[in-house]
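Construct the complete structure from the given sequences, taking the supplied hints into account.
Okay, here's what each chain looks like letter by letter:
2 protein chains.
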Amino acid sequence: MQSRNVAAINHESGNSDCLVTFQPTGRRVEVETGTTLLEAGRRAGLLLSAACGGVGVCGKCCVEILSGDLFPTEHEEREFLSSKGYPPRARLACEARVASSVVVSIPVGSFIVGQRLQVDAQDLSIECDPLVESHVMKLAAHSLGDCRSSYARVSDALASCTGEIDWTMRLGVSRQLAPIIQDDCTVSVYTRGTEIIGFASPGRTPVGLAVDVGCTKIAAYLLKLDTGNQLAAAAVPNPQIPYGEDLITRLVYADRSRSHAKTLASVVGQTIESLAKNLCQDAKVELTEIADVCVVGNTAMMHLLLQLPVTQLLRAPFVAALDCGIDVSAGELDWPFAPGANVHVLPSIGGFVGADHVAMILARIDGTNKTTIGIDIGTNTEIVLRNPKRQRFLTTSVPSGPVFEGGHISDGMRAASGAIDRVFIADAELCYATIDAADPVGICGSGVLDVVAALLRLDVIDLRGHMQRRHPRVRSGKCGLEYLVVPAAETGHGRDIVLTQQDITQIQLAKAAICAGIETLMDSEGIKPLDVEQVIVAGAFGSYLDLKSAIDIGMLPRFPNAQYLQVGNAAGAGAKMCLVSRSARERARIIAKAATRIELKKCAGFDGAMARATRFPKFQHSNS
Amino acid sequence: MQSRNVAAINHESGNSDCLVTFQPTGRRVEVETGTTLLEAGRRAGLLLSAACGGVGVCGKCCVEILSGDLFPTEHEEREFLSSKGYPPRARLACEARVASSVVVSIPVGSFIVGQRLQVDAQDLSIECDPLVESHVMKLAAHSLGDCRSSYARVSDALASCTGEIDWTMRLGVSRQLAPIIQDDCTVSVYTRGTEIIGFASPGRTPVGLAVDVGCTKIAAYLLKLDTGNQLAAAAVPNPQIPYGEDLITRLVYADRSRSHAKTLASVVGQTIESLAKNLCQDAKVELTEIADVCVVGNTAMMHLLLQLPVTQLLRAPFVAALDCGIDVSAGELDWPFAPGANVHVLPSIGGFVGADHVAMILARIDGTNKTTIGIDIGTNTEIVLRNPKRQRFLTTSVPSGPVFEGGHISDGMRAASGAIDRVFIADAELCYATIDAADPVGICGSGVLDVVAALLRLDVIDLRGHMQRRHPRVRSGKCGLEYLVVPAAETGHGRDIVLTQQDITQIQLAKAAICAGIETLMDSEGIKPLDVEQVIVAGAFGSYLDLKSAIDIGMLPRFPNAQYLQVGNAAGAGAKMCLVSRSARERARIIAKAATRIELKKCAGFDGAMARATRFPKFQHSNS
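Protein chains in written order, with our numbering: chain A, 1 to 624; chain B, 1 to 624.
No lab work stands behind these hints: they were computed from the structure. For each residue, glycine too, the CB sits at the ideal point set by N, CA and C. You can take every hint at face value.
List of simulated lysine to any residue pairs, SDA-like, C-alpha gap at most 25 angstroms:
| id | chain 1 | residue 1 | chain 2 | residue 2 |
| --- | --- | --- | --- | --- |
| 1 | A | Lys593 | B | Ser160 |
| 2 | A | Lys593 | B | Arg148 |
| 3 | B | Lys224 | B | Cys128 |
Stretch by stretch, here's where chain B covers chain A in the computed footprint (C-beta under 8 angstroms, at least three residues):
| id | stretch |
| --- | --- |
| 4 | 148-160 |
| 5 | 321-328 |
Some chain A residues near chain B, calculated using beta-carbon distances under 10 angstroms:
| id | residue |
| --- | --- |
| 6 | Gly145 |
| 7 | Asp166 |
| 8 | Glu599 |
Below, the structure is given as structure tokens:
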């Protein structure tokens, strides 16, 4: 887990007249009266969880006021807190504004943990209806008076439990048949439909594993199948990164030879197995109690994991080999789970719009009666438009490039230690925070977004993106104008950290692609900006970007009637839903079929929208 | 393939007045007028195929008369031959009796080939209704105008062929999806139910493999699934023999460690794979065109092949882990057939009464309206009684020991080169034939049976099995009395070949167990000897034993109204039926369920029957 601190410049003079002390860390910061505790926490480097983007709906940033005065609580916040059963002194940090010096206690749950490897898919609100069931039964021992086969003993006992008489099983399961029959033993038999898939000690219930294979991280969740309770969750970097930072490089690598493809599949497979091992250890269950697995990921990740052919993914029209869902036996992927366990890979929509997008739609968009735009930003950004008046989901994928992962930016870097990941303006000056509070060595995606928004706000760049030569921190560099973000004296590597005019152009292209993609989908569906009621921003980058910055630079359009929600790992949430619910799995199948993929290149309006969106929008002062 | 010649003593003097010349070998023999050509062929060492035991029903011993006179043809024989479309000069060697010197041509098909590794399961008379179907379809290439996934292309094409829209597949199949789509290609898609299981060039049709895993041999048959035509067949010795001659030794070996069990499984698995390769080569099909596999074998063989637990098979009450049929993916057994191919292992009845017995019942007994006894002789002999008035099949297994495989007999040996495998009396003297016409080195199972029958006939032994000291070839040996079968001067190893009093006792016990088993089943069902209409003798040993000898020594009871049929590898025939017919497979399931296994030890009458059957029956002169 990484912790993050505000490093470098701390503007605590001027109007700052309230001292905010955060417990249990004891970190202090002086802020102006009226500042939210969320913002105060940010400035103190204690980034509080705020999955909803600080709009008071997720409750993730809940804190407790130990002393001091705050501006009065709004009615909605009081309602929300009491509905969740929070204590009277609790407040939402995003809503609570300081009126004096205060001391605040931050519960562990309100810290952002493991930010860059986010696993905090929100809680499931789904009725469990898992494919796998468990039956506890007593089996008579083999004896001269009862010489039924081991199979007959189990299937007869199951028949008297369930009424079903014909039970099948895989070879691996049948190999366990005789050994489980001890003297008059009681066992838990796990079944899926009319198939016996494994055995466990009595009293054990089957667990399942939901996995989200992302390009940069792999997140895994261990759930009880009967209740949906999450027993453990963890995430690790995708071990394919050394084989290529981006998808295409990895696909090209895999396409070169079968052994390459095998390597990419096995590094991911082994990582998932070791994640599962750790989760099981944490949850005190056996690996063989994992009786079902649900996997999501983008099209490329799924092709690489399953060793599907990728040649056709690398040339126009970039088609998937497989877009329907598929059930693979866990044994086929060498995972030592219950011998009859299946791995269900969710269906995908087509091209690069993959199973993770279907899962995200399932978890966050399906069933809404609001006109909703869903977006998952990465090298490829998937966008979905849900018009509740129609059955279909309109989706597309835009090549937004690696800018938001720190690529193609002079001083860009991944979200790792020392990356500037948050930039804000205090007293008309740029302030920044770095990951691990380390001396800055580069700027990661969310930082890039913030810098550009700040430069716009400070009029360092104009609406066309042109840098204003007259600003004291703008200078001529090797490749034209550049803005000095951090001078060499303050950096970890002793070199200036800059943002160049070329960087800004890259960012303009990337954000324009996303914005134009959204607008083109809206045009296709006849949806106007005023119609949009909800914008769902999913995924790790989507969770940590500053929504205001994203809107300020025009990456996300400003919809006057929309609520913007950062929902965390929605793909993971969808995977979890499909793990514990047959109807969710069926729903995912329907979503994948009902989704219409728009080829932006074929849309007449796209190029124009792209050109317009390359400009930055006029800066609008918010009142926060 | 082995050929067999009469070696040693050739009794061609005395009443022999007809010279029979066999073409194309040119072999000659003088026989008495009235001798059948089958018998003449036997004496000349040209063993003709006679699957029905020489009773004129199988047509396997058909020969062509080139010159000379025979006794007139019986009406039935003429009818039979003309119904089969044989030429006018054709005769059944088992029916045709010589009236003068004759010249006879033996078609290749009438030779016994590969006797000891018999694969000649008789032709199928079954309507083909295979699980696997083939669909030829044209697939549009990936193009900018059609960017459906490879899967969608195939499933859409299948949908327009079949009306079915939801197609699933295994991972291995999905890996072939993209590569098969070439420029506007036509392909054969193999399906099973709503599952896609493989692809082939257009015009190819799926083939299937039926396998009979016996304790001593493994037979495999390659069939076209749509027509049931047999493309090739072969058999090889079971490679587990070095790990134990008998089942129990192998089971004990496998039970000792997982690696032992793995070894026994993999030697058989590899042998089946290499058999399949050879058959495919012969039939000019690809291994990946094998789209379905059906396997039968006794309980122990199936447990070893599938690496099922065997501990419980080694102690009372000797139960199987698994007795239901099971479908295993070919990949799980490492067989490189069509990627979605299944291996169907037929259900078994219980204990050691295995899938091979079910297959034998299916192929030769199910559906008969005659009161039938079926028998498959080996170390364990399985017996089934079919009373057409009742639904059930009464089965049992008797431990007949290794006598019929040449075990536990002083000069006993397996049916290999130099084994005396046929003994007959000519001019009151013992004559014998050896495998490969080699100098004799021992006696194999069928030879043992014949020797005992001959000694009974010659009154060398009495009805209690006691050797008559006064006979010139009876002498005192190391372990009591013994009969000199072949003196050292004529043998291949320069030692006498004898049959001892102890050997005879062993044979008495073995044949008594079989006979008592039959009688006990009949008692259980209330069937009298006069009721029995049919006796089916299956399996390799069952095909090569001399039925008359078997009846003479009382191994098989003499049923006055019964037809005795040696049906060859009936288990293999059952496996072939299940390969090409869904209803046969369903029927096998029903047979396994409807079969009632009798525990002989629990039957009050068994011990008495055993004691009675230990005696030899009174010799009855036959008129042949």
